[in-house]
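A.B. asks: Listed here are the chains, written in short residue letters.
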Amino acid sequence: MIPRGDIFGFLGPNGAGKTTTIRMMLGLIRPTSGSAFINGLDIYKDPLNALKCVGAIVETPSFYGYLTGRENLRLLGNISGGVSGSRVDEVLEMVGLFPRANDKVKGYSQGMRQRLGIAQALLARPEIIILDEPTNGLDPSGIIEMRRLIKRLAAEQGISIFISSHLLHEIEAVCRHVAVIKNGTLMAQGSVDELLKKETFCLELKVSNVKKAREIFAGLKFISSVREENGRGIEITIARDRVAEVNRRLVEGGVDVLSLIPREASLEDFFLELTGGASGDRASGSTVGSGANV
Amino acid sequence: MFERIISLTKVELYKISKQKYSYLLVLFIIFNAALVGLGSRIFPAIMAAFRGEGGAQFDGYTFASIIASGTFSAAGAGTIAMLAFSGSMVASETESGTIKNILVRPVKRHHVILSKAIALFVYCLVIVAVTAVLSITAGALSYGMNDIAIQETGEVFRTRVEMFTNLGISFIMDLFSIYTVGCVGLLLSVLINNTGWAVITALVFYFPVMFLKNFDIFNPWIFTAYMDKGQNILREMAIVKSKTWTPDIYHFFLVNISTILILLALSLLFFREKEIN
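Going down the list, the sequences are from chains A and B. Going by our numbering, the first residue of the first sequence is number 1, and it counts up by one from there. Going by our numbering, the first residue of the second sequence is number 1, and it counts up by one from there.
In short, the hints are calculated from the structure, not lab data. Remember, it's a predicted structure, so these values are computed and weren't measured experimentally. Heads up, the beta-carbon is just placed ideally off N, CA and C, and yes, glycines get one too.
Coverage of chain A stretches by chain B, computed from C-beta distances (three or more under 8 angstroms per stretch; other residues unrestricted):
| id | region |
| --- | --- |
| 1 | 28-34 |
| 2 | 72-81 |
Below, a sample of chain B positions facing chain A; criterion: calculated Cβ distance under 7 angstroms:
| id | residue |
| --- | --- |
| 3 | Ser7 |
| 4 | Val11 |
| 5 | Lys18 |
| 6 | Gln19 |
| 7 | Thr98 |
Make a model of the complete structure from these sequences and hints.
C.D. replies: This is the structure we're talking about:
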């Protein structure tokens, strides 16, 4: 269940089934079992009414390159039905593409295509927008711009937004609620605050012998994840009341603790803990994080 | 429902009108028709062979029919152009992902295919109309288009009005022939996601189908056996008084319309079940 006007993050490592789930939600493919409801309407039993309240981008937005941005939107508006020319201009203005509306789409940058993707999703005044990896291929400034746009749409238009991504910092920056899937199975769902409070607490450790420290941690069941930070230190996720025990075990094991810094867990920590540490996703999440901080 | 299909058809036609290759294909057909016409003028023996009775007493209707049948016959430019065009209609949208923009909107899948099929018919109509104008103009300029009379007696056995009606009928038959070919491409375009492969498969698939008309067992039932039927009958009507459209025209429409309906039904069925990835 996605609250109205909320931004909902749909997380999972590559190949977890995010896009497949979205395709099923939009009726592009059929599930082997189960169903999806949009505004209480079963997408398989009543697809026309269910899709009336949805706008979506599935993967990279595709358009007719030989048509202008405005022409593309007019055609899609005609397909949706009841979309006026002024509405087309309105959404072009909303996503900042109005000045380039008469240019052919084949000349658009990736960022402009993404924005046009959002524009086409907004055309029929949907109540919910489904965005599959909306920041894919965008540069840092494009990502920041997209993030602002998504937040603005939710705040000003009251549209519920469902974003799938494997970019954790991105989701953390815009979403209040998230769901995490792995291998097609829902691993967790809830508000970001609840999920992080409930589960995790991080310790950044600098120790005299990283290798030996890892060996010690391997024998401690209350440590849920261990990550080496570029050979300089270790980051672990534990329950809050176990900090002293970690320190004691290391010292008893002959490892000097040079520093021990507690840190509130991020969505990334939670995600890695749930999914068993998908290094690829973590790396890409970090990249976006650094980009977004520019 | 009809309003929805009309609206979707308008979208399809707009896309066709904005694509350069739509015009290139028409130009290709015009070029082919011009070549056939020119060849017939340069080599009158070819015309005589078409007349079948040795004499080179040409009339404009015969000349127009030679140009038109050269364009639309089984191996003609119209066929190739139509397969290339229709073979990419759905495949190009599936390949580029634009079909997703359509299907995530409140539209029924069979409306999407029906609108494409109607737009394809309109495109065929344009191709046939271009060929008709071109060939009739060439026929009129080269040999005139007057009443057809028996040479020895001067007796008129086909009036100009009658022959123009016959021209119209023959071009309507061409329209259905070429549209049937288009429906073959459309079906393959639904089945194959890659545009290039869909077009190549359509072309490769078509020629063996065309060849089947040479076997007696298939000939009465295969649409390729009727590709230039209309123009052949027209040509014969210009020289044989007793020749009529029936019963050939019944068989023509029976085979072509049945084939079109089967191909469209299969396209609708496969597209309904198609998984869009």
